[in-house]
Amino acid sequence: MGGTKKVIKLRTSSKEEIIDITDRVNEAIKGFGKKEGVCLLFVPHTTAAIFVNEGYDPSVKKDIGVTLGRLIPQNLDYSHLEGNSPAHIKSSIVGISLLVPVENGQIALGRWQSVFFAEFDGPRQREVWVWLL
Amino acid sequence: MGGTKKVIKLRTSSKEEIIDITDRVNEAIKGFGKKEGVCLLFVPHTTAAIFVNEGYDPSVKKDIGVTLGRLIPQNLDYSHLEGNSPAHIKSSIVGISLLVPVENGQIALGRWQSVFFAEFDGPRQREVWVWLL
Amino acid sequence: MGGTKKVIKLRTSSKEEIIDITDRVNEAIKGFGKKEGVCLLFVPHTTAAIFVNEGYDPSVKKDIGVTLGRLIPQNLDYSHLEGNSPAHIKSSIVGISLLVPVENGQIALGRWQSVFFAEFDGPRQREVWVWLL
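Protein chains in written order, with this note's numbering: chain H, 256 to 388; chain C, 256 to 388; chain G, 256 to 388.
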């Protein structure tokens with residue numbers, strides 16, 4: 256482990272939001288003073304998620320959010336009474352833990368890839384925890 | 256690697272079941288004699304999964320299970336003749352490998368998070384393999 | 256980190272295809288000259304994915320592909336104009352980063368498990384990046 260974790264703090268601004276955090280992750284990695292390794296990104300929340308996909312055309316992340324909403328709609332009969340069951344379910348399916356390689360002090364992604372934080376129950380103050388292994 | 260893997264053994268008691276295994280994971284981590292690192296949790300099965308979500312209100316895990324069953328119903332026309340295709344598909348979507356940070360000898364989760372084992376084709380004897388990196 | 260990454264090159268042959276790459280992963284691991292550890296498999300694409308499930312009966316992977324297509328159909332009204340939004344969404348849900356334990360120079364899987372590369376927008380030249388930690 257490359258020392259203590261770094262924390263990326265995010266303020267989401269709406270109920271649902273998909274945010275490209277690639278630059279924030281690269282900033283956090285600088286803090287470890289190590290150029291090669293593997294970066295663990297961990298979301299300590301139960302109504303948010305993290306994933307990698309296309310960062311070039313913003314309509315891609317829009318389609319991802321809309322499709323998750325179509326599959327797991329808000330207005331079904333859920334047991335959990337806080338009204339955010341769809342957010343918990345999306346978080347469980349998309350995932351909250353992601354491992355990404357680091358080369359030359361930056362996350363080594365494919366040409367079109369970005370790292371995204373998915374807010375499913377905002378607006379809230381959120382964190383992504385970063386470790387460099 | 257912190258030595259050989261530890262094995263969490265589980266006996267599931269019904270066809271579908273979502274079990275909070277956070278305490279079992281913390282017990283397993285004690286066996287490595289190392290207080291900091293990253294814990295790899297690996298499910299060596301094809302009809303079960305592992306994920307992190309809210310462990311406080313049991314209705315959350317109920318909604319997750321019910322919604323997966325609505326999306327991937329039992330009674331469609333599947334090719335695989337053993338009758339458990341929905342279990343294989345749920346396992347592939349939710350995932351069988353999970354990386355969680357460890358701090359002070361325990362998995363470092365967010366305030367509301369627990370680690371869950373999801374049984375989709377029980378009852379069976381199951382395992383979760385644990386490594387501390 | 257066990258040195259530089261190894262690259263598995265794949266040529267997919269149709270629009271959608273799920274390919275068992277377990278043997279290719281084991282070959283790649285040999286190149287690291289290390290028998291124990293954890294293998295990071297990373298797909299540097301935004302319309303493909305990687306997962307672990309049953310490798311014995313090919314009808315299982317067929318059911319997985321068909322079900323993903325039923326959940327995320329081609330003919331909906333997507334914003335992204337390249338016509339491959341379903342592929343981006345499937346990639347985000349199934350995942351592009353996978354961690355698998357290595358024992359005795361091979362990935363340590365359960366009895367029925369194989370590692371699969373999922374092509375959702377082929378045919379294309381694809382890669383899977385392999386690291387041994």
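Mixed in with the good hints there might be a few duds.
Which copy is meant is left open, so a pair is good if it fits within one copy or across any two.
Unchecked claim - Here are the simulated lysine-lysine pairs, DSS-like style, with alpha carbons at most 27 angstroms apart:
#1 Lys285 <-> Lys264
#2 Lys317 <-> Lys264
#3 Lys317 <-> Lys270
#4 Lys289 <-> Lys270
#5 Lys285 <-> Lys261
#6 Lys317 <-> Lys260
#7 Lys270 <-> Lys290
#8 Lys317 <-> Lys285
FYI, nobody ran anything at the bench for these hints, they're computed from the structure.
Keep in mind that this is a model prediction, so the values were computed, not measured.
The hints, checked one at a time:
| no. | hint | result |
| --- | --- | --- |
| 1 | Lys285 <-> Lys264 | within (16 angstroms within a copy, 31 angstroms between copies) |
| 2 | Lys317 <-> Lys264 | within (22 angstroms within a copy, 30 angstroms between copies) |
| 3 | Lys317 <-> Lys270 | both (14 angstroms within a copy, 23 angstroms between copies) |
| 4 | Lys289 <-> Lys270 | neither (36 angstroms within a copy, 40 angstroms between copies) |
| 5 | Lys285 <-> Lys261 | both (10 angstroms within a copy, 25 angstroms between copies) |
| 6 | Lys317 <-> Lys260 | neither (31 angstroms within a copy, 33 angstroms between copies) |
| 7 | Lys270 <-> Lys290 | neither (36 angstroms within a copy, 37 angstroms between copies) |
| 8 | Lys317 <-> Lys285 | neither (30 angstroms within a copy, 41 angstroms between copies) |
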